[in-house]
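From first to last, the protein sequence lines stand for chains L and S.
Residue numbering for the first sequence follows the UniProt record's numbering, starting at 1 and increasing by one per position.
Residue numbering for the second sequence follows the UniProt record's numbering, starting at 1 and increasing by one per position.
No wet-lab data here; the hints were simulated from the structure.
Some hints here could point you the wrong way.
No copy is singled out in the list; a pair is fine if it fits within one copy or between any two copies.
To be verified - 30 Å max Cα-Cα, derived DSBU-like pairs, lysine-lysine:
hint, residue 1, residue 2
1, K850, K788
2, K182, K454
3, K231, K775
4, K170, K231
5, K140, K174
6, K900, K179
This one's a predicted model, so the numbers in the text were calculated from it and none came from an experiment.
Listed here are the chains, written in short residue letters.
Number of protein chains: 2
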Amino acid sequence: MQKVLEKPSAVATEANGQTKWVYSFGKDHPAPPLDRNLLGGKGKGVAEMTAMGLPVSPGFVITTEACVRFREKKEVPKSMDAQVDQAIAVLEKMMDAKLGDPENPLLVAVRSGARISMPGMMETVLNLGLNDETVVGFGKKINNERTAWDAYRRFIQMYGNVVMDMGLLKFEQKLAQKKTDKGVEFDVDLDAAALQELVAEYKEVYQEATGEPFPQNPREQMEKAILAVFKSWDGEKAIAYRRYHGYPDDWGTAVVVMAMVFGNKGDNSGTGVGFTRDPATGERRFYGEFLLNAQGEDVVAGIRTPQPVNKAQAEKTGSTLPSLEEVMPSVYNQLEEVGQTLETHFQDMQDVEFTIDEGRLFMLQTRAGKRTGVAAVKVAYDMLKEGLIDEEEALMRVEPSQLTQLLFPIFADSDKRQAEKEGKLVARGLNAGPGAASGVVAMTSKEAIEFAKKGIKCVLLREETSPEDFAGMVAAQGILTQRGGATSHAAVVARGLGKPCVCGCAEITFDEETGTAKVAGQTLKTGDPISIDGSTGEVFIDALRTRPSEILQVLMDKSMSPEESETYQQYATLMDLADKHRRLDVRTNADTPDDTQVARAFGAQGIGLVRTEHMFMEKKRLLEVRKMLFSTAEEDRREAVAKLLPFQKADFKAIFKIMDGLPVNIRLLDPPLHEFLPHSKREFEELRAEMGVSTDELEAVADSLREANPMLGHRGCRLGICYPYLTEMQVEAIFQAAVEAQQEGIQVFPEVMVPLVGDKKELDHQKGLIQQTTKRVFEKMGAEVPHKIGTMIEVPRGALQAEQLAESAEYFSFGTNDLTQCTFGMSRDDANSFLPVYTQGVEFTDGQVKQILDFDPFQTVDQTGVGELVKIAMERGNKSRPGIKCGICGEHGGEARGVKFFHRLGLHYVSCSPFRVPVARLAAGQAAIEEKRAKGAEGK
Amino acid sequence: MQKVLEKPSAVATEANGQTKWVYSFGKDHPAPPLDRNLLGGKGKGVAEMTAMGLPVSPGFVITTEACVRFREKKEVPKSMDAQVDQAIAVLEKMMDAKLGDPENPLLVAVRSGARISMPGMMETVLNLGLNDETVVGFGKKINNERTAWDAYRRFIQMYGNVVMDMGLLKFEQKLAQKKTDKGVEFDVDLDAAALQELVAEYKEVYQEATGEPFPQNPREQMEKAILAVFKSWDGEKAIAYRRYHGYPDDWGTAVVVMAMVFGNKGDNSGTGVGFTRDPATGERRFYGEFLLNAQGEDVVAGIRTPQPVNKAQAEKTGSTLPSLEEVMPSVYNQLEEVGQTLETHFQDMQDVEFTIDEGRLFMLQTRAGKRTGVAAVKVAYDMLKEGLIDEEEALMRVEPSQLTQLLFPIFADSDKRQAEKEGKLVARGLNAGPGAASGVVAMTSKEAIEFAKKGIKCVLLREETSPEDFAGMVAAQGILTQRGGATSHAAVVARGLGKPCVCGCAEITFDEETGTAKVAGQTLKTGDPISIDGSTGEVFIDALRTRPSEILQVLMDKSMSPEESETYQQYATLMDLADKHRRLDVRTNADTPDDTQVARAFGAQGIGLVRTEHMFMEKKRLLEVRKMLFSTAEEDRREAVAKLLPFQKADFKAIFKIMDGLPVNIRLLDPPLHEFLPHSKREFEELRAEMGVSTDELEAVADSLREANPMLGHRGCRLGICYPYLTEMQVEAIFQAAVEAQQEGIQVFPEVMVPLVGDKKELDHQKGLIQQTTKRVFEKMGAEVPHKIGTMIEVPRGALQAEQLAESAEYFSFGTNDLTQCTFGMSRDDANSFLPVYTQGVEFTDGQVKQILDFDPFQTVDQTGVGELVKIAMERGNKSRPGIKCGICGEHGGEARGVKFFHRLGLHYVSCSPFRVPVARLAAGQAAIEEKRAKGAEGK
Ligand SMILES: [Mg+2]
Ligand SMILES: [Mg+2]
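Isolated chain L, as found in the complex (with noise of 0.2 Å):
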């Protein structure tokens, strides 16, 4: 057969020169380019299955490509239907039957394929070629009037559904009427004449909600089917998911068409699917559930209890029902044995559907199976263990945002569904900082703050944080935002912090006159037990018990040994092959003592921004920063000033010991001195107070400093150019901390960072400040320590002059936050009003619903604009200074794409938040491996 069939194959693509829209594949017959963007995850999965020789049961696959086709031309392309029609034939001979025919039907499953498993699309038409005369034919052949019957009903219903998109319900209701009407419970005990009537009644719910009467050509219904996958990939749920994964719309999807196998003829058949690996732990053992006598979509429609595949997992879940294992062991033998088979040949987890045609096990589908973190970490590192892949394959095979499940504290999921049960879940926002954390309402910081003296544990509730809300912040157990995105004050804090952050939480109102707010009808004041779990972004007015990470336990709390915890040695030996293979150096941001413990633990190899602000905003210091602020004699402002010098420099000072031999990175103050002005009335008597002016005075200062756009107003280097004081006085700290830690043998190595500069000239101003400072310093203490000057570049001006900053400049730090800013015209606060819309999509007058923006680019880095701007500033800065470092401290350094970027652009390190490091280490790894691959891809 082989010969014949590759003939006309070739022949018909390749000597008329047509595109070859569709491949064959099945035993003996020459497989398909083995492409998953022409064929698909399912396609190239049932070609190559059949390809390994294991039970597959023959079809085509339409490539992608004819989707795009479509897509763009608004009509299947030309040759293609011919190439089905011959891609029919050479099914027709493989199986030994045709489509149509009334003695010897062919039937097909018709499904969607695209790259990747997309919910929404068009999942499955089983039975197609199914019609009034064929359903008796195939009756005959499969000696079973009754399965015959029930899966013409099947059909049309499937075909009603997902072809015309009419629904199920009219349907269903049909099939409970009839089963009321015989007086039975459960479908199957509707025998053939009951399910002949269905099958007529079907056909009229069909015609009257479709106004044409159920095609009887299976061709036809082949080409509907056809068209209907093509259009699905436009589909709402389809769009809205390729949006929140970052897919481009160009990829088009494929279509996959077998031969029908049955699950549904009796006892001996049936169909399940399952994983090679436990999806959720990454244990090595077959996992999944089947029913038996089901055809594919019993298994997901509920409503019979699939039974599990294996004893273990019986046990495991404490199902009663008997396993596949039991029920039928030799095809589960045989399962089992393609698992290792499909492990051995792909190197990974899969994912599998099958099906049991009395007696005789089918594939009908194979992909990477999706896991938890959790569990990609434990597979890779089993994996290697077990010699299936090497340790390049292992560092590639978690992705590097789902390490963070390992490291922040969790609920256990019965515990969560149990309180959803109880309806304790009442809110979703925005998971904007993973872990999670349950104590006691706080609904201001200082309520936090006494919460936290007396040890009880709470969750800082908030219309938005402000930076004032640090220390509240810190207190608590996790922040729960009404306002904000993902990238909010709250948000990026919390990030930073390594706090659980839901915001963005629209549901909750608050009431300012009672100070309570109200969430799903239920009022939460001071001292209600909540619970927000920060990955998910759900809300449970309850106080649900949640579980440390291992790895802090052995890293931090010193609680485990790392020999006790798998976990850890895990997530220890991913680690260590990022670094083995990492060409990037990852540092943190990290304004605290406590922060720097943290990274440190997590690998941090320095400090990459040491924001100084958090060190201003502590209510002691706040009064002092105020009283610089209001002052208008010089002399005040320099007495205030001088008075947050110990305060700076006993943190800097625990940050160089906890840092001991790695370079600190500091940030001269940042912020917009609006930021520091009093809110509440409260803070100006107080201020007033400690000042002994009058409140009109107090105010008048006051309205002077407040400004319109405080993200473009008076901060960064253009405070310490019109307060030099402030500059020397944190130059001042820095050093003599720095010099006090050397002299108690500590290497530190600080590096002093002038932000926001746009003009050479500022840095220089800076630059001399600093080194007058530092010199003085010196002088005074008596000893030196190695230090450098540095510049951020975060406004669009800063990179078009690299070349002349970093004549100044030892190195720059790019900000990637306030670039993004500026590059865009974008605020990061501001833009929660029009971002979601840009990232989700909007109409265009084609009627196409399109993505402004592919991704939120405070979260992920703007290759195009902000990253040129980089990749501009590092080429200028090297020209006056050759092998300038070059560092990252956005929130971009921890994003997984932003450090494979920054590593491309041949940066020398990125700075992340705490939690993020070991993210930034596995993705730094990571770009290392995917440079080789693509080098190697190069040189082929």
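Starting from the structure of chain L, add chain S with the ligands where the hints point.
Chain S with the ligands alone, transformed into the frame defined by chain L:
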């Protein structure tokens, strides 16, 4: 003598390879290179006059390069001293006298002389070379002991003051005491003996103040004086002046040393200053004043009233003193002749200083004379008619910004001085919008509108203005604000409207309770008289009479014919010349039919920017806008928007009619939604009543709309993407208006521009809406109009993405205001807190006061950063759309340096506020000439 002199000089500077720091000049001496940059203005002037054969006392010039070297190395170049010695030797030979020779002493004057004359620089030390010995010899030589002692006295005083910086007070006290002692009234009545005593006392005063005896060595005197000149370059006042005018610090100053001539030898001697034409009006007549029997400093000292140079001037100024023309007719004739010679030679009006030494005229200095805008235009016009200069040169002779002086209403200077004398000049603010306005105080926009309705002229007095004040600003004669810089809302809108504006007048304080303001101890309330001069920043509590500009009388009011107005003819000639040469088109930024009318009269070649937001700001319309914003149902929003259509349409139609035959570029709604929010309780209540919702609901929506950084918020195309009906409504209004206008015989060329675009998809989304709407309007109305769709480039990402944008955009319009904000990360509204420090200079650790930025980038385009982005955008845009039309519509399009820069970049047009159109035309003409000349110079 010539040959003898030539040699040593040549040998000294060339054979030994030393830099030539010193150049001699004198009759028959080879002229130094007549390079202003090298010799300074004064040095070049005297050297050139000498070379022309005019009567000039000989001397030498120490170059600006010597000063530059001095600033760098903090010491005078080693080889300079020797060169000075040689130059002294040369001068001694020319004068046949010797420095320090007791019998025949050479006396010299030492003056500073930078490229441009600069207040605050060391001015002059006369009579240098006198000491206790030479004073006697000098007296004998001139046969006038008294003059000799007087000269010595003056020398000590000047030296003490300007070289040793000890002030004049102590000297003046001694002089006064001496006169009392001697019982005389005037200095001239002191005899030689008295003066000799005075010299002794002066020397004591000197020693007391400096701790050293008065230097007796003339060479030391000279050395110190030269150093003083060098140091004065970095004097506070000189630095401030350079800051203000944007002159670089590294020009340095030259030192001019000239043999003394004496205007104080009796009544056949004198000294004076003058202009070859009237510097205020440009009238062609020698203009100046002089003093008999006086030395240079007496003229400016104001002790004696100077006499006019000629009878005409005496008549005009009402002086009863005899003129030079009468006192010394032949000297006057010679002076007039010299003036003619100088004008012919320099082809420009000259500002000269002269001394008459016993009937002999000596020229001390010549330079191009500073003149008012009015004079500049007249002089250029006259000289062109006189054939003294050609068209190109005439075009180059007027500083474009001066042109506005001819356009705005003005106060008579005499009226202002009278008011000042009466104590009615109460404050000075920023001269933010040129012109004079006078009327009664309006404290709110509403009051201004009411006054206008009653025909009462008013000045709007506000703390600062917001877009809602627009109608009030239109109604008022001028605007006065307490807060905001030269680019604040008030200033920008005022300039756009051609209204006088004084802003940032911090002396004014507001009392909200009484609704009054205070300034200079006086209370200002609604209805009080007030006058502001927006050209000078002066504020008067008085109703001064304004005079309208003749040009507007001819062009707009038609109350004068072109023939009646000489000023108009001059203006028109200048504009014709500019138009003949310029390559750059000049459009206008106009939002209202009135603006458009003015701009067209001023020669705008279309509109480069119609801001539609003002059309939303009028009270009735604003309510609909607010309803749109606050409605939660999309239907309600659409309905509210639809109500705005007729307003917009009417405005557009009126604008199209006025711009018949010319393009009109309309920007879709741009400002932050934020700006449309209700402010006062009353406004909230009004909206609440109109919408029938609760205050709480309204407040909640307002809260959600408020932005932290509105300039980076929900604005620009983000509005049209989130609220597509806003775009549709505007486009519908534009094209309904366009079609109707066309049907009435008007030639319309609408251009629709999408603001704040950073990504092609944003543009494509809006372009789709524009095209769809346009098509619908055309189909409905049965006619089409030619039109274009373009984009603003005003965020850095837009510039970087220009290649992609140009695929969709038919033209680019650079919004340099926003682009400057984003490129610097600096808000125009908030920069006032630090930008003045940046542009005025700040002390660096090396002790130097340096500017961080040479210019306010919101006033003068930042060529380095913003300019580079414009360049990048043009290059990239031209890749995908060769020849793409590019214009500027920021404030920078009306600023001469900006216009010239944009010409060089190859833009197609600039667009500026109506009253800047003539400025831009002139600057564009000059840019073309400058380019031609630069090419010519290259060719050489
Ligand atoms: Mg920053
Ligand atoms: Mg703009």
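Practice task
State the violated hints by number, sorted upward, taking the hints as numbered earlier in the document.
Solution key: Of the numbered hints given earlier, those the structure breaks are 2 and 6, listed in rising order.
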